[in-house]
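S.K.: Read top to bottom, the protein sequences are chains A and B.
Numbered per our numbering, the first sequence finishes at 158, counting up by one with no gaps.
Numbered per our numbering, the second sequence finishes at 158, counting up by one with no gaps.
Derived by calculation from the structure, the hints in this document are not laboratory data.
Note that this is a predicted model, so its numbers are computed, not measured.
Hints may be right or wrong, so weigh each one.
Given that identical chains are not distinguished, each listed pair holds provided it fits within a single copy or across any two copies.
List time: in silico SDA-like cross-link candidates among lysine to any residue, alpha-carbon distance up to 20 Å [as the list claims (entries may be wrong)]:
hint, residue 1, residue 2
1, Lys36, Pro19
2, Lys32, Gln103
3, Lys36, Val98
4, Lys117, Pro38
5, Lys32, Arg17
6, Lys36, Val97
2 protein chains.
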Amino acid sequence: MGIDPGSRNMGWAIVDRAPDGTMRLRGSGVIKTRPKTPQPQTLLIITHALDDLIARYCPDEISIEDLFFSNNARSAMIVGQARGMILLAGAQHGLNVVSYTPQQLKIAACGKGRADKQEVQAGIQQRLGLPSAITNEHTADAAAAALRHFDQLAADAG
Amino acid sequence: MGIDPGSRNMGWAIVDRAPDGTMRLRGSGVIKTRPKTPQPQTLLIITHALDDLIARYCPDEISIEDLFFSNNARSAMIVGQARGMILLAGAQHGLNVVSYTPQQLKIAACGKGRADKQEVQAGIQQRLGLPSAITNEHTADAAAAALRHFDQLAADAG
Chain A
1 MGIDPGSRNM GWAIVDRAPD GTMRLRGSGV IKTRPKTPQP QTLLIITHAL DDLIARYCPD
61 EISIEDLFFS NNARSAMIVG QARGMILLAG AQHGLNVVSY TPQQLKIAAC GKGRADKQEV
121 QAGIQQRLGL PSAITNEHTA DAAAAALRHF DQLAADAG
Chain B
1 MGIDPGSRNM GWAIVDRAPD GTMRLRGSGV IKTRPKTPQP QTLLIITHAL DDLIARYCPD
61 EISIEDLFFS NNARSAMIVG QARGMILLAG AQHGLNVVSY TPQQLKIAAC GKGRADKQEV
121 QAGIQQRLGL PSAITNEHTA DAAAAALRHF DQLAADAG
């Protein structure tokens with residue numbers, strides 16, 4: 001299960017790998033919350049949505065994009081709150097949570113660390129054998145996070 | 001229930017106000033987690049501890065110190081994760097969560113926004129009628145957060 005950790009738009013993507021190495025997208029979407037919703041309720045909505053997704057898809061592990069903020073600490077705290085819901089869901093459901101940098105996700109998607117959005121989308125479409133590209137950037141980042149972790153597993157397996 | 005939101009040392013303090021306005025400290029402490037504990041498990045420990053405290057003391061509201069970080073976004077994200085556990089606990093238990101700035105806490109504790117630690121500790125000791133000062137800074141900040149919210153309630157009541 002790949003996740004793009006955002007407070008207002010949390011992308012998610014469930015990716016399977018068949019024994020022959022073929023990747024398949026089982027489901028994807030965005031957990032959206034309204035800007036006017038108070039933070040505690042926003043986090044409760046995210047937590048419930050994550051619990052529902054984990055119950056529905058039974059993922060083996062969670063892979064998230066690790067965000068860095070150059071100078072906006074307030075944003076970092078808000079994203080940290082949302083990211084905390086993902087880590088908590090992983091701990092509560094006994095799922096390993098791993099994270100990768102945005103550059104690592106781009107390389108997983110299309111082989112280039114400095115790719116633009118179109119290249120990333122095209123790469124994800126190709127790797128997942130999709131009829132059309134995932135144009136929602138949050139969902140695309142979530143799918144790239146899942147793909148990146150499969151690459152890690154493959155590398156670890158030698 | 002006042003809380004000092006930290007990832008490694010989360011201070012808490014339960015403050016009651018008697019009908020005559022007297023403040024009383026019913027309990028206080030620090031939720032400590034180890035630096036080596038992975039983030040998901042740390043957040044699970046914090047969540048369980050908060051659930052236990054809420055079940056034990058049945059607070060009416062939660063008041064937390066609102067932290068701002070000038071330039072350390074990484075720290076802000078980590079604290080945001082811990083802060084998210086507090087907001088989530090509030091939402092799950094139907095408790096209002098309010099936050100105040102460090103300066104507001106100092107004013108509540110001792111009447112001065114630029115007070116040093118000793119002044120803050122002495123002020124809290126006096127307001128809560130304690131035999132000795134709360135020397136743990138996390139617990140003291142939590143107590144100050146609770147006192148600040150009582151001041152707000154008093155001001156709102158006219």
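S.K.: Now tell me if each hint is right for this structure.
M.R.: Each hint tested on the structure:
Taking the shortest alpha-carbon separations for Lys36 and Pro19, neither the intra-copy value of 45 Å nor the inter-copy value of 36 Å comes in at or below 20 Å. For a Cα distance limit of 20 Å, the shortest separation of Lys32 from Gln103 qualifies neither inside one copy, at 25 Å, nor across copies, at 34 Å. In the homo-oligomer, the alpha carbons of Lys36 and Val98 lie at most 20 Å apart only across protomers (16 Å), although the nearest pairing inside one protomer, at 31 Å, exceeds that limit. Within a single copy, Lys117 and Pro38 get their C-alpha atoms no closer than 31 Å, and across copies no closer than 32 Å, so neither meets the 20 Å cut-off.
In this homomeric assembly, Lys32 and Arg17 never come within 20 Å of each other (Cα to Cα): the closest approach is 27 Å inside a single copy and 40 Å across copies. Taking the shortest alpha-carbon separations for Lys36 and Val97, only the inter-copy value of 16 Å comes in at or below 20 Å, while the best intra-copy value is 29 Å.
Hints 1, 2, 4, 5 from the earlier list are contradicted by this structure; the remaining hints agree with it.
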